[in-house]
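Residue numbers (numbering that gives the first Met the number 0): 0 to 412.
These are calculated hints, taken from the structure and not from any lab test. By construction, the Cβ of each residue, glycine as well, lies at the ideal position given by its N, Cα and C atoms. One or more hints might be untrue.
Calculated cross-link-like contacts (lysine-lysine; reagent style DSS-like; alpha-carbon spacing at most 27 Å) [said to hold, decoys possible]:
| no. | residue 1 | residue 2 |
| --- | --- | --- |
| 1 | K292 | K196 |
| 2 | K373 | K246 |
| 3 | K281 | K397 |
| 4 | K292 | K246 |
| 5 | K311 | K322 |
| 6 | K292 | K322 |
| 7 | K178 | K322 |
| 8 | K178 | K311 |
| 9 | K286 | K196 |
| 10 | K322 | K221 |
| 11 | K331 | K186 |
| 12 | K311 | K186 |
| 13 | K397 | K242 |
| 14 | K280 | K186 |
| 15 | K387 | K246 |
| 16 | K397 | K373 |
| 17 | K322 | K242 |
| 18 | K252 | K196 |
| 19 | K242 | K331 |
| 20 | K242 | K280 |
| 21 | K286 | K246 |
Label-pair ranges, simulated between beta-carbon atoms [what the hints assert, rightly or not]:
| no. | residue 1 | residue 2 | range |
| --- | --- | --- | --- |
| 22 | N189 | S269 | 43 to 53 Å |
| 23 | K387 | S290 | 15 to 25 Å |
| 24 | K387 | R364 | 17 to 27 Å |
| 25 | C243 | N188 | 21 to 31 Å |
| 26 | E308 | S399 | 40 to 50 Å |
| 27 | N289 | A352 | 33 to 43 Å |
| 28 | E308 | T278 | 20 to 30 Å |
| 29 | D180 | T278 | 48 to 58 Å |
| 30 | K242 | T346 | 21 to 31 Å |
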Amino acid sequence: MNNNKKIIETLRKADKASVEKLMTDEAKKNEIFAKAQLRANISQSEYTYSVRGSEDNRRKINMTRFINIAATVALMTGLVGGGAYMNNKLPKTPEPETYPETQVAVTVPETVTAVNTEVQVTKPGTEEHDKSTVTEVVYVTAEGTSAVEDTEVTTVQQVTEEQNKVSVTTEELTEKVSKEDLIEKAKDNNCVNYFDKFSADYTVLINEGGEFYSEPSTVTGKFYLDEVGGSASRTSEQYVNGKCISKSLIAIKDNLYYDAKEELAETDYSNGGFIFLETPKKNCWVKDNNSDKVFLLPGGRELDVYNPENWKITGERIENGRKIVLVSGVQKGDNNYEGVYRERTYTAEADAATGVILSYEERDREGNITFSYKTTNYRFDDDAVEFKSAADIINEIKNSGFTMYGSDGNIIE
Numbered sequence: 000m001n002n003n004k005k006i007i008e009t010l011r012k013a014d015k016a017s018v019e020k021l022m023t024d025e026a027k028k029n030e031i032f033a034k035a036q037l038r039a040n041i042s043q044s045e046y047t048y049s050v051r052g053s054e055d056n057r058r059k060i061n062m063t064r065f066i067n068i069a070a071t072v073a074l075m076t077g078l079v080g081g082g083a084y085m086n087n088k089l090p091k092t093p094e095p096e097t098y099p100e101t102q103v104a105v106t107v108p109e110t111v112t113a114v115n116t117e118v119q120v121t122k123p124g125t126e127e128h129d130k131s132t133v134t135e136v137v138y139v140t141a142e143g144t145s146a147v148e149d150t151e152v153t154t155v156q157q158v159t160e161e162q163n164k165v166s167v168t169t170e171e172l173t174e175k176v177s178k179e180d181l182i183e184k185a186k187d188n189n190c191v192n193y194f195d196k197f198s199a200d201y202t203v204l205i206n207e208g209g210e211f212y213s214e215p216s217t218v219t220g221k222f223y224l225d226e227v228g229g230s231a232s233r234t235s236e237q238y239v240n241g242k243c244i245s246k247s248l249i250a251i252k253d254n255l256y257y258d259a260k261e262e263l264a265e266t267d268y269s270n271g272g273f274i275f276l277e278t279p280k281k282n283c284w285v286k287d288n289n290s291d292k293v294f295l296l297p298g299g300r301e302l303d304v305y306n307p308e309n310w311k312i313t314g315e316r317i318e319n320g321r322k323i324v325l326v327s328g329v330q331k332g333d334n335n336y337e338g339v340y341r342e343r344t345y346t347a348e349a350d351a352a353t354g355v356i357l358s359y360e361e362r363d364r365e366g367n368i369t370f371s372y373k374t375t376n377y378r379f380d381d382d383a384v385e386f387k388s389a390a391d392i393i394n395e396i397k398n399s400g401f402t403m404y405g406s407d408g409n410i411i412e
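Starting from the given sequences, assemble the full structure and let the hints guide the process.
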């Protein structure tokens, strides 16, 4: 038994190659023993028994050794197989999941002092996101030059604070214009105090009808106001059925107001309409402007600032970078031709910053347009366009055969 224990202990400590070699050697011994037994298998005699007995006894000893060796091999195989089985069953330590390196390029204008740039960084999602693509938004604040090293990634708290600031700024920019503010700017031509220069093209439609004017007329022209220089210029042409019936040249300069009109036709009081003249009438009235401001806006329609209950602000919009206020109301007054009380609805658009009326449309009870005024290509301050100077218009009036009248009605030589 001690030998067997030593053998088993030796086999346990031996490596796999040694065990396999031992098994191979034992197999060869068994093969030699089998051949020897075959040759010794002779006919039974009196001597045979003793010989066979010796062989049986030796064989018994050899089989015992073989059984011990086989048991040892089985034990080693079990140990090796069990270790492999347990190795496969034990949970493996997960390897860290790696993400591809993502490069983010941030471009910062060279002349910008502080820029808020929204950068989108995309990385593969995790198993919790079913391997979907997760997009993270990072707000980057850059200061100084366009060097990327100067960029700074803000925290979530900083992003929230910046968003709150933007929200407040947006609310300030979209603050609604009040009726009181609009009235203050529109009354008594006070709008001229809210801009330095103003220019535009304009169109006026007159369709009030009446006893002598059954056909609508259209007036088109341009104007330019320079409140800083104290000068203004305006031109207009009036058409009926596609024919020009009058032209006007108006200018303000050196506190003098020039209003020159060339009449190509006159009213036909017998048959209605107009009678075109062979020789146009050309007259100009000159008077003191009596103001340090120049007001030369056409249209003749303003907000009824003294009866604010008759109109309301209905909305706002942005046009050409300026806030436009939408107004609707009711215009009440006497009809000049029929002598009856009238009530007409109207809509208007006013520049929020100055109170200037940019458009006005009036309708009668039947919904027909009776009067409209609309500006186009309007420009304020440094963007205003001086299509013709006041000095040029005055020179044109003086050199075009106009009869000049003073404020007292006398002809100016």
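Here is what the structure says about each hint:
A hinted pair counts as satisfied when its Cα atoms are at most 27 Å apart, and K292 with K196 qualifies at roughly 11 Å. Annotation: proposed proximity of K373 to K246 holds, straight-line Cα distance about 19 Å (limit 27 Å). About 11 Å separates the Cα atoms of K281 and K397, which keeps this hinted pair within 27 Å; it holds. Between the alpha carbons of K292 and K246 the distance comes to roughly 25 Å, so the proposed pair stays at or under 27 Å and holds.
With a C-alpha separation of about 17 Å, the suggested pairing of K311 with K322 holds against the 27 Å cut-off. With a C-alpha separation of about 24 Å, the suggested pair K292 and K322 falls inside the 27 Å cut-off, and the hint holds. Between K178 and K322 the CA atoms are separated by roughly 15 Å; this keeps the pair inside 27 Å, and the hint holds. For the proposed pair K178 and K311, the alpha carbon gap of about 7 Å is at most 27 Å, so the pair holds.
Distance hint between K286 and K196 is fulfilled; the C-alpha atoms sit about 23 Å from each other, no more than 27 Å. Taking the CA atoms of K322 and K221, the gap is near 23 Å; set against the 27 Å cutoff, the hint holds. Using a Cα cut-off of 27 Å, the hinted pair K331 and K186 holds, with the two alpha carbons roughly 18 Å apart. Simply put, K311 and K186 have alpha-carbon atoms about 16 Å apart, close enough for the 27 Å limit, and the pair holds.
Proximity of K397 to K242 is assessed by CA-CA distance (about 26 Å); at most 27 Å being required, the pair is judged to hold. In summary, the hint linking K280 to K186 is not supported, as the alpha carbons are separated by about 35 Å, beyond the 27 Å threshold. Straight-line distance between C-alpha atoms of K387 and K246 comes to about 16 Å, which keeps the hinted pair within the 27 Å bound. Restraint check for K397 and K373: the C-alpha separation of about 30 Å exceeds 27 Å, so the hint is violated.
Among the hinted pairs, K322 with K242 is inconsistent with the structure: their alpha-carbon atoms are about 37 Å apart, more than 27 Å. Using a Cα cut-off of 27 Å, the hinted pair K252 and K196 holds, with the two alpha carbons roughly 15 Å apart. Restraint check: the Cα-Cα separation between K242 and K331 comes to about 32 Å, which exceeds 27 Å; the hinted pair is violated. Between the alpha carbons of K242 and K280 the distance comes to roughly 16 Å, so the proposed pair stays at or under 27 Å and holds.
Note on K286 and K246: the hinted pairing holds, with a Cα-Cα distance of about 20 Å set against a maximum of 27 Å. Checked against the given bound of 43 to 53 Å, the beta carbons of N189 and S269, roughly 45 Å apart, stay inside it. Range check, K387 to S290: about 22 Å between beta-carbon atoms, so the 15 to 25 Å window is met. Between K387 and R364, the C-beta spacing of about 41 Å breaks the proposed range 17 to 27 Å.
Between C243 and N188 the CB atoms are about 29 Å apart, so this pair conforms to the stated range of 21 to 31 Å. For E308 and S399, the Cβ-Cβ distance of about 48 Å falls inside the hinted range of 40 to 50 Å, so the restraint holds. At roughly 27 Å, the beta-carbon separation of N289 and A352 lies outside the given 33 to 43 Å, and the hint is violated. A beta carbon spacing of about 51 Å between E308 and T278 contradicts the range 20 to 30 Å that was offered as a hint.
Checked against the hint of 48 to 58 Å, the C-beta distance between D180 and T278 comes to roughly 51 Å, which is consistent with it. Between K242 and T346 the Cβ separation comes to about 30 Å, which falls inside the hinted range of 21 to 31 Å.
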